[in-house]
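Starting from the known structure of chain A, fit chain B onto it as the hints suggest.
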Amino acid sequence: MADTAQKTTRIRSRNWAGGTLSWVWLFIVLLPIYWIVITSIKTQAEYFVTNPFRPPMEPTLDAYRLVINSGIIRYFFNSVIVTVGAVIPAVLVSFMAAFAIIRSRPNRFIRSSNALFLAGLAIPLQATIIPVYLIIIRLHLYDTLLALILPSIAFAIPLSVLVLSNFIRDVPNELFESMRLDGCSEWQTLWRLALPLTRPALVTVTIYNALGIWNGFLLPLVLTQSPDLRVLPLALWTFQGQYGINVPAVLAAVLLSAVPILVLYIVGRRQLLSGLTAGFSK
Amino acid sequence: MTIASVGSAKPAPSRSAQSAHGRSLGWLAVPALVFFTAFGVIPLLGVLFLSFTTWNGIGEVVPSGLTSWKAVLTNPQLPHAMWVTFQVAVLSWLFQTPMSILLGVFLAGAQKYRAFLAVLYFIPLLLSSAAIAITFKALLDPNFGLGTGLGLPFLSQDWLGEPKLALGVVVFVVSWQFIPFHSLIYQGAVRQIPTSMYEAAQIDGAGRVRQFFSITLPQLKNTIITSSTLMVVGSLTFFDLIYVLTAGGPGDATRVLALQMYITGFQGNLMGPASAIGVILVLVGLMLALLFRRIGGGDETTSQLEGA
Numbered sequence: 000m001a002d003t004a005q006k007t008t009r010i011r012s013r014n015w016a017g018g019t020l021s022w023v024w025l026f027i028v029l030l031p032i033y034w035i036v037i038t039s040i041k042t043q044a045e046y047f048v049t050n051p052f053r054p055p056m057e058p059t060l061d062a063y064r065l066v067i068n069s070g071i072i073r074y075f076f077n078s079v080i081v082t083v084g085a086v087i088p089a090v091l092v093s094f095m096a097a098f099a100i101i102r103s104r105p106n107r108f109i110r111s112s113n114a115l116f117l118a119g120l121a122i123p124l125q126a127t128i129i130p131v132y133l134i135i136i137r138l139h140l141y142d143t144l145l146a147l148i149l150p151s152i153a154f155a156i157p158l159s160v161l162v163l164s165n166f167i168r169d170v171p172n173e174l175f176e177s178m179r180l181d182g183c184s185e186w187q188t189l190w191r192l193a194l195p196l197t198r199p200a201l202v203t204v205t206i207y208n209a210l211g212i213w214n215g216f217l218l219p220l221v222l223t224q225s226p227d228l229r230v231l232p233l234a235l236w237t238f239q240g241q242y243g244i245n246v247p248a249v250l251a252a253v254l255l256s257a258v259p260i261l262v263l264y265i266v267g268r269r270q271l272l273s274g275l276t277a278g279f280s281k
Numbered sequence: 000m001t002i003a004s005v006g007s008a009k010p011a012p013s014r015s016a017q018s019a020h021g022r023s024l025g026w027l028a029v030p031a032l033v034f035f036t037a038f039g040v041i042p043l044l045g046v047l048f049l050s051f052t053t054w055n056g057i058g059e060v061v062p063s064g065l066t067s068w069k070a071v072l073t074n075p076q077l078p079h080a081m082w083v084t085f086q087v088a089v090l091s092w093l094f095q096t097p098m099s100i101l102l103g104v105f106l107a108g109a110q111k112y113r114a115f116l117a118v119l120y121f122i123p124l125l126l127s128s129a130a131i132a133i134t135f136k137a138l139l140d141p142n143f144g145l146g147t148g149l150g151l152p153f154l155s156q157d158w159l160g161e162p163k164l165a166l167g168v169v170v171f172v173v174s175w176q177f178i179p180f181h182s183l184i185y186q187g188a189v190r191q192i193p194t195s196m197y198e199a200a201q202i203d204g205a206g207r208v209r210q211f212f213s214i215t216l217p218q219l220k221n222t223i224i225t226s227s228t229l230m231v232v233g234s235l236t237f238f239d240l241i242y243v244l245t246a247g248g249p250g251d252a253t254r255v256l257a258l259q260m261y262i263t264g265f266q267g268n269l270m271g272p273a274s275a276i277g278v279i280l281v282l283v284g285l286m287l288a289l290l291f292r293r294i295g296g297g298d299e300t301t302s303q304l305e306g307a
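Heads up: the sequence lines are chains A and B, in that order. Residue numbers for the first sequence, in numbering that gives the first Met the number 0: 0 to 281. Residue numbers for the second sequence, in numbering that gives the first Met the number 0: 0 to 307.
Chain A with its partners taken away, still in its complex shape:
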């Protein structure tokens, strides 16, 4: 792939339009981020008097102190519980389903399951939030973290199955064949062959789903109400309602809420970017 790209550029001369545009866009992307960072270390007074894009004269961590004292640690752990609790089961069951779809003898059950998951891609699942709310109430799960986890798993399944089955399809059949000749059951093949070979796809799907769930807003808004159970995006929103005038504090909260994801991105960046490109560009 890199090889092709290299040739492409050698043949094609300079792309001025694209080049200019990409630097302009970089500026548009980075300006708000830069602004978040410098404003979050300003005092409230300085925010009102200095130029918004000038770094603070006397940097301070007051805003961060305020945010941490407002309980963001708890919201952080709520977010972790929901994200981990939803992503791991979602990826596992999607992986098993993807394996079944690719490896099983084709029959009506497999075909219709696959069709169902594919249909799930075209449906805006958020539109079904009211029945989800009703189901959660009837299961006596309203205002619990489990209420956020269960629908999140379901919503993550269609895309995960699709991406993972595309990858399992690419595993050469001879490998499966030789596993079988070795007397391995399909169950063993699943874990000992398919799992390691699809690891890049699993990482991609895991990060992608984790992003979506970590940042989810509608489910927590509708399915919980206790302040103790807030996840980060919801906490940000209520925090902004409370301290709206204290912009440095609000932006410090924005930044803190994104730190874990930024770390995850730095660690898994290569795999996420290449996985997404491969998964979506077919």
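Mixed in with the good hints, there may be bad ones.
[What the hints assert, rightly or not] According to the in silico footprint, chain B covers these stretches of chain A (three or more CB under 8 Å from chain B):
(1) 23–36
(2) 45–57
(3) 129–142
(4) 221–232
[Claimed, not checked] Pairwise CB distance ranges, derived in the manner of DEER restraints:
(5) A:Met56 / B:Met286: 55 to 61 Å
(6) B:Ala70 / A:Gln224: 23 to 29 Å
(7) B:Thr36 / A:Leu25: 43 to 49 Å
(8) B:Gln86 / A:Glu176: 54 to 60 Å
(9) B:Pro62 / A:Leu29: 26 to 32 Å
(10) B:Asp157 / A:Gly70: 31 to 37 Å
(11) A:Asn50 / B:Asp157: 16 to 22 Å
(12) A:Gly267 / B:Lys163: 37 to 43 Å
(13) A:Gly267 / B:Tyr112: 47 to 53 Å
(14) B:Gln86 / A:Pro55: 35 to 41 Å
(15) A:Pro105 / B:Ala109: 40 to 46 Å
(16) B:Asp203 / A:Pro55: 57 to 63 Å
(17) B:Pro249 / A:Asp227: 45 to 51 Å
(18) B:Lys69 / A:Leu25: 50 to 56 Å
Honestly, the hints are just simulated from the structure, not real lab data. As the structure is a prediction and not an experimental result, all values here were calculated from the model. Glycine is no exception: its CB is placed at the ideal position from the N, C-alpha and C atoms.
Here is chain B on its own, set in the frame of chain A:
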């Protein structure tokens, strides 16, 4: 690769002529099916069912025939919300698609710094819609925000107070969030275009612009369809961003369908009519997905939505 067994194939056991395809592994799909049925399929049927009922969100669900549908379809807010949704979808598509294609084509080049650009571009996608909305709300403050900072008075507008401007801001912020994702998709697709096509074009004397329009764009057809499907169907679900940024305002200038559904159901306690709006959302989403698929030729079962 750590598949120790590859090289050591034993003599074939008796029923081995058949591949694994001889067995049904359907049971492996059952856990995923259970989750997806419980919180995907049943709610989908449920939203249709609830649209024929009356429910205030707390008490009993009472069947009430077409009452909810009548209430929704005669409410002038519905056509308005549909119009706003349509505007947001079309405008953000018109802005995002050319930008993403150009950026994607550029990022597909081999220089190292372009990969670095891609890494930075991706940052907005890591932030929650709530965080992005809160940031822009503060950044667009007419007194302490963007205009003051850059010394450009025309940027010091009451961005979220004027209906037309607020709609524009929503489109811009949506694009800010999602252009990186779509340029990444295009970047991958551009890299899959065979170099030989460009070599041939060059021999024929085609210039860069000509190459872009007669090779790159046609070769990106499927990707354009995938990306547009994601953009347009996705725009039906912009709830959190708009809810936090404008709460649908000023007035109802940015109240899209999803917001209309939330406000009707969870603020007005009219779950029946809200479910009817939910049904409309699902139908519009399905119709759009099918439409895009048809535009793409709709050849195989999975190809156009592949990765969608």
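To see whether the hints hold, each was checked on the structure:
no., hint, verdict
1, 23–36, "holds (count 9)"
2, 45–57, "holds (count 5)"
3, 129–142, "holds (count 6)"
4, 221–232, "holds (count 3)"
5, A:Met56 / B:Met286: 55 to 61 Å, "holds, 56 Å"
6, B:Ala70 / A:Gln224: 23 to 29 Å, "holds, 27 Å"
7, B:Thr36 / A:Leu25: 43 to 49 Å, "holds, 44 Å"
8, B:Gln86 / A:Glu176: 54 to 60 Å, "holds, 55 Å"
9, B:Pro62 / A:Leu29: 26 to 32 Å, "violated, 55 Å"
10, B:Asp157 / A:Gly70: 31 to 37 Å, "holds, 34 Å"
11, A:Asn50 / B:Asp157: 16 to 22 Å, "holds, 20 Å"
12, A:Gly267 / B:Lys163: 37 to 43 Å, "holds, 41 Å"
13, A:Gly267 / B:Tyr112: 47 to 53 Å, "violated, 21 Å"
14, B:Gln86 / A:Pro55: 35 to 41 Å, "holds, 40 Å"
15, A:Pro105 / B:Ala109: 40 to 46 Å, "holds, 41 Å"
16, B:Asp203 / A:Pro55: 57 to 63 Å, "holds, 59 Å"
17, B:Pro249 / A:Asp227: 45 to 51 Å, "violated, 34 Å"
18, B:Lys69 / A:Leu25: 50 to 56 Å, "holds, 52 Å"
The structure shown violates the earlier hints numbered 9, 13, 17.
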